[in-house]
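Here is what each chain is made of, one letter per residue.
Protein chains: 2
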Amino acid sequence: MDGGISNPAGTAERLAQMLAALPDLARDALVDPVPPRNLNDWSALPPETPAALFCPRSAEQVAAILAAANAARVPVVPQGGLTGLCGGARPIAGGIALSLEKMTGIEEIDEASATMTVLAGTPLELIQRAAAERGLFFSLDLGARGSCAIGGNAGTNAGGNRVIRYGMMRDLVLGAEVVLPDGTIVNALSKLIKNNTGYDVRQLFIGSEGTLGVITRLVLKLHPAPGCTHAAICGLSDYDKVVDLLRGARRKLGPTLSAFEAMWPDYWEVACAVPGVRDPLEARHAHTVLIEAQGTDEAIDGPRFMAFLEAMFEEGIIEDAAISQSLSDVQAFWGVRDACAEFKTTLGPHHAYDVGLPTGQMDGFARACRAAVAEAVPGGRSVYYGHIGDGNLHLLAWVPGAAPQPGEALDEAVYATVRAFGGSVSAEHGIGTTKKKYLEFSRSPEELDLMRRVKRALDPNGILNPGKVIDA
Amino acid sequence: MDGGISNPAGTAERLAQMLAALPDLARDALVDPVPPRNLNDWSALPPETPAALFCPRSAEQVAAILAAANAARVPVVPQGGLTGLCGGARPIAGGIALSLEKMTGIEEIDEASATMTVLAGTPLELIQRAAAERGLFFSLDLGARGSCAIGGNAGTNAGGNRVIRYGMMRDLVLGAEVVLPDGTIVNALSKLIKNNTGYDVRQLFIGSEGTLGVITRLVLKLHPAPGCTHAAICGLSDYDKVVDLLRGARRKLGPTLSAFEAMWPDYWEVACAVPGVRDPLEARHAHTVLIEAQGTDEAIDGPRFMAFLEAMFEEGIIEDAAISQSLSDVQAFWGVRDACAEFKTTLGPHHAYDVGLPTGQMDGFARACRAAVAEAVPGGRSVYYGHIGDGNLHLLAWVPGAAPQPGEALDEAVYATVRAFGGSVSAEHGIGTTKKKYLEFSRSPEELDLMRRVKRALDPNGILNPGKVIDA
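As given, the protein sequences belong to chains A and B, one line each in that order.
Numbered as in this note's numbering, the first sequence ends at 472 without a single skipped number.
Numbered as in this note's numbering, the second sequence ends at 472 without a single skipped number.
Since the hints were derived computationally from the structure, they do not count as laboratory data.
Check the hints yourself; a few may be wrong.
[As the list claims (entries may be wrong)] Capping the alpha-carbon separation at 30 Å, the derived lysine-lysine pairs in DSSO-like fashion look like this:
1. A:LYS437 - A:LYS344
2. A:LYS436 - B:LYS436
3. A:LYS221 - A:LYS102
4. B:LYS221 - B:LYS102
5. A:LYS344 - A:LYS436
6. B:LYS436 - A:LYS221
7. B:LYS344 - B:LYS221
8. B:LYS437 - B:LYS344
9. B:LYS221 - A:LYS221
[What the hints assert, rightly or not] With the Cβ distance kept under 10 Å, some of the chain A side facing chain B (calculated, not the full set):
10. CYS55
11. ARG284
12. LEU347
The C-beta atom is built at its ideal place from N, Cα and C for all residues, glycine as well.
Model the full assembly from the supplied sequences, consistent with the hints where possible.
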């Protein structure tokens, strides 16, 4: 990376040089003053004011801004819906923020190919609705759906609740238009599922957290709208039975299985204490699992779901279950799983983690991590839940009543346990700046070196989101 | 690329220098003389004898060989099962061939995570069988299953018959061990479905046709074995109805839909003329489609399949259908689709193409391409079939009785039509050398430049498979 970029001295001159070189085409993208929302993402880091904010309306404007920034060596932080949790979209002092918020809209829905072409700033929920209006389904779903932008979803390879069936953004993006740091607009807007013509450049940018290029347009893969949805909350006596239930669900529900969310009892307790959340089960169990299946036909898939649950009872795998009778039951069951969004109010400040682990090792990890957190900080608590069919465990750790929270000690305890289990420090939220020092816990030195080579090849001046994910 | 590599002068000296520098560790990987099988892949190009053949038994040997070749600037052509169709694994004069044929074996099956770890030279069929023995399913399937190696399947991002349900190799590889041209062994052997820790380096190598690194190990994603399989051959009156049938199948069969193979009447005619192939329908139709669904339970999914076909009849979408009553019927139906493997005998020499197109445009393309082939060469014929649900059309073109076939004129006619339709010159077979001059028909200049940047970053001396896919 150009040493000067991380050196604040001279940044004002660089910015002046950049603004002077900006073509007319891009001048009206400058937004002054910078609104408070553009000073941070959803991470717990303090806000940061960029030297300037640009809100371009076209890929051509993005290209002109990047070319000028590159020539003047001004750092650029791309911004989408600013709902990331790891500081990836937080501005850099002396650098510019480049928000895609004015590049919104659905350009085409191709029903025969089951694809949708969208501008990168389009909110996820708008895309979900537009697909539904045509009897189609865009499968990505996450809590921030109303605010997050599809370009940010791609940049962070977002996952969410239904990865077990439909995959992550990496699986849902067929084509992309990306602007490179030097201002080159790369048109790779393919609608094709199969396209073996050289390197898959689109995959380079998905999950790169805005460090390699700025995504401006996407071609998304759609699915048919599900014809019916069934869910159950199951109580189980130990983790081996949770794994048996997952195996049974994969076998008997087949590809209709659309979610498999395990909740450890410590999570279940704090979730059911959230006002408005109803516990669908009468007794407490060692483990609780939310299973969802999306079928095509109530008359066929309703009985299949019941037969599956009956078989799991008969085999002694589940102890108890509440079964949805309606879509509002399905929503109520998700209410327990989604209660974590309210924990800021009910638990107070806490740290959230999203780790990746082989499914079979999750309970062993939860035990070890719970002990590590309790040992690392007096009064340290932690609760566990997650998309275990995808190998993704979420956990929250905190010290009740402590202000500030001992964040670094909690991070150390959690990530040291992840490393000991050979897991991933981020299954879905990404690295940004908050997990950067732990990246080496999950990636080999050779992988890190390879990432640096890619970064240097695509962004030789290190202007794009410098200091995020990895240093070149 | 180092200019010297494509210059045959000095290659003997370079090879001598490489052999002299080879550590003891790698010396016994040298195989002399070179067996005839290693002189070519399944492309129609003439065989080529490499300066030496190495058959290493470990990633460490691969690393030592690559490091020595890199230092001496000797070109290296990686080889798997040598079943590629585009010359990607064909040796280069003066270069060495590096065959993974002795690196075979299944190292682990993790049932809870539904993953399998294998060495890159392992034949696909062995992997399919090992999964089946555990009640699991490895979904990749293609005609060369008995000979092709899984490392080559990854290197070419193989697709095959069931992409519509399970995806291509890009979707089936969770982790990889790759040796870079400089001999660095990159361990990225993750079993995790969700792993957002920096760039997805594994995706760089999948589909790169051995030009960026040598894949030595893979972690593969497994699925539960299907509980039942149903198939039908449907006759339809026009292409709009084929698209309607695909839409209906997606909606009513949901994710159980595992294949949707359309065959144009010209294909149907030559397929049914292959000895041993039985036409399951009584009358000829404008279009014929093979539909397959893999379910979990005969009692549920059998009636679902029948109800789907009845609805398609009632809606006037299909004119006629033969429905499988047994697995042997399913195989017989696939017999018509797989008859193309015998066309070398029944049609004589012909050129095979695998193009990518949006589903809605396939019939328009077929008409235009048929006319272009007939116009380009006197007596030129072409037949059309393919995985249309994946946007992948296959076609064969030839001049009956001509020897040699006017290959270049046929290529020009086909690829010019692909370009006019904005399609892909290769949906699954890859580029190798045979399609290299047409790569720019499907990729923008900016995409090609980006590919070159990646190539130069990972293989600065241009020793890995030089002259294949793209020139750096």
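Report the numbers of all earlier hints that the structure fails to satisfy, in ascending order. 2, 7, 10, 11, 12
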